[in-house]
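A.B. asks: Based on the provided sequences and hints, a complete structural model is requested.
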Amino acid sequence: MPAEHLVRFLSTRWGDTVSITGLKRFHGGSARQTYRFDATGASGRCEALVLRRDPPSSLIETDRLAEYRAIQCFAGTDVPVPEPVFCDEGPESFGSPGFLMREVPGGAAAGLLEPEPYGEHAAAIGRQFFTALGRIHAEDPGKAGLSAMAPADAASARLAHWKAAFDADVFRPEPLLDAAFRWLAANLPPPPERISIVHGDYRSGNFLHDGAGRLLAVLDWEMVHPGDAHEDLAWACDPLWSNFSGRPAATLPLAEAIATWEAASGLRLNPASWRWWRLFAQVQGLVIWISAAREIIDGRSHDPVLMFAGTIPYRFHTLTLAQSLEAVL
Amino acid sequence: MSLPLPALLAALANAQANEVAPALQLLGQADAPDANYAGGTAATSALILMIAAAETAARPAREAACADAARPLIGEAADGRDAREAALGVLLAQGDRNALALLKAEAAAEWQVLAGLMLPPPVPVE
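Protein chains in written order, with my numbering: chain D, 2 to 330; chain X, -7 to 118.
Incorrect hints may appear among the rest.
Sample of chain X residues at the chain D side, in silico, Cβ under 10 Å [said to hold, decoys possible]:
#	residue
1	A(-1)
2	T36
3	L65
4	P112
Ranges of calculated distance between the beta carbons of each label pair, as one might list FRET restraints [claimed, not checked]:
#	chain 1	residue 1	chain 2	residue 2	range
5	X	E118	D	G146	32 to 38 Å
6	D	A186	X	A35	15 to 21 Å
7	D	R269	X	E118	18 to 24 Å
In short, the hints are calculated from the structure, not lab data.
Computed from a predicted model, the values in this text were never measured in an experiment.
Beta carbons: idealized from backbone N, C-alpha and C, even for Gly.
C.D. replies: What follows is the structure, given as structure tokens:
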């Protein structure tokens, strides 16, 4: 637990004697350990904060500074995000690299297996969810500190990224993935109209809502990168994140979700890109689930969340990928 | 399944001893610093245990059925999941749609194990 680190760090930062109460680790989210706590100074100053720090073993190796800069980029804009406070790329402040944000009070995130997680507010949440995604894609990637990228490289760079991860972690024959990688490499999509900020894990379950139809904050920016906006849209609309509803993110009908995204982003859906990135989304998912399983097999982790990833989502995407390949091969 | 059953069961036993058992000591204590995480860990661990049990019960019949279905296409390579998948993969790379159909059927059979846990089949988003 990071309480001692937090006491030391905040006491120095505030110039006050700080105590930590209500420290609670959130379950799930294997790329970071996430804690909430109340910090109270002897002077009476009190703040509810959230710490996200690197775990000893992670589902996905990511850059916490890129995540922090992306949150900074949208803080105070019409894309709701938590307010960033401080980032330390080293272990000095929090025991491992991590950053602090202000807590978003009253928020809940949907579970993967939860039926109709937004109830009667599904459409309202969907309009905000896909509007926020469009606004992210309308922003200049340079503002988030992301490096420049040629549009022609957007798809091939992501394909290479996940192929390398697959090659590193595969532990048994995966003929469906092999076939999908071959098809994706041979059928690269057209370059995007422009390079966008790609959240990288934009989906149901990665935002907070108030239970009454209001989206409070977009979370989990650890996979942010420059790229093709279709990548985020396809991931957000993947059936795995639909809670078995048949609607993207268990919210709006697909056509309405796309129209909402187009209106907010100023981009138009390219059918060829859409087809490619939808297949890519399943490939990306499968590689992540295989990497999770590899963590378990190699004994680097016994986190039940990684076991879950290596079973239910793995089987889900294996089946949907087989179905998708029937349509393209 | 993605995780081979022996590895899954070994990790699960490890998690039960090192995460869930200490977590259970914290459940119900309002001021326990990690009670939220403990509850989630215990719940997810229970789900994984149910999956492992379902998989243990279903696997022999599924393996036999998948091997029988693939044997006309790939012969003795049909016996054993990895050998079967590798052989079907070779045919799939040559454009054999029968191989794809067999791989899809095996994926559907693996998902079917989860139906006992009240999970419906994947629903397309179209």
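A.B. asks: Tell me if L65(X) is really an interface residue toward chain D, meaning its C-beta lies closer than 10 Å to one of theirs.
C.D. replies: This interface hint is violated because 13 Å lies over the 10 Å limit.
A.B. asks: Is it true that the C-beta distance of R269(D) to E118(X) lies inside 18 to 24 Å, as the hint says?
C.D. replies: 19 Å, holds
A.B. asks: A closest beta-carbon separation below 10 Å is what the hint needs, so does P112(X) meet it against chain D?
C.D. replies: 5 Å, holds
A.B. asks: How does the Cβ-Cβ distance of E118(X) and G146(D) compare with 32 to 38 Å: does it lie in that range?
C.D. replies: 37 Å, holds
A.B. asks: 15 to 21 Å was suggested as the range; check whether the CB atoms of A186(D) and A35(X) agree with it.
C.D. replies: At roughly 40 Å between Cβ atoms, A35(X) and A186(D) fall outside 15 to 21 Å, so the hint is violated.
A.B. asks: Per the CB criterion, is A(-1)(X) less than 10 Å away from chain D?
C.D. replies: OK, holds: A(-1)(X) within 10 Å of chain D, min 5 Å.
A.B. asks: Does the closest beta carbon of chain D sit nearer than 10 Å to the beta carbon of T36(X)?
C.D. replies: Given a least distance of 4 Å, the restraint on T36(X) holds.
In this structure, the hints that do not hold are numbers 3, 6, in rising order.
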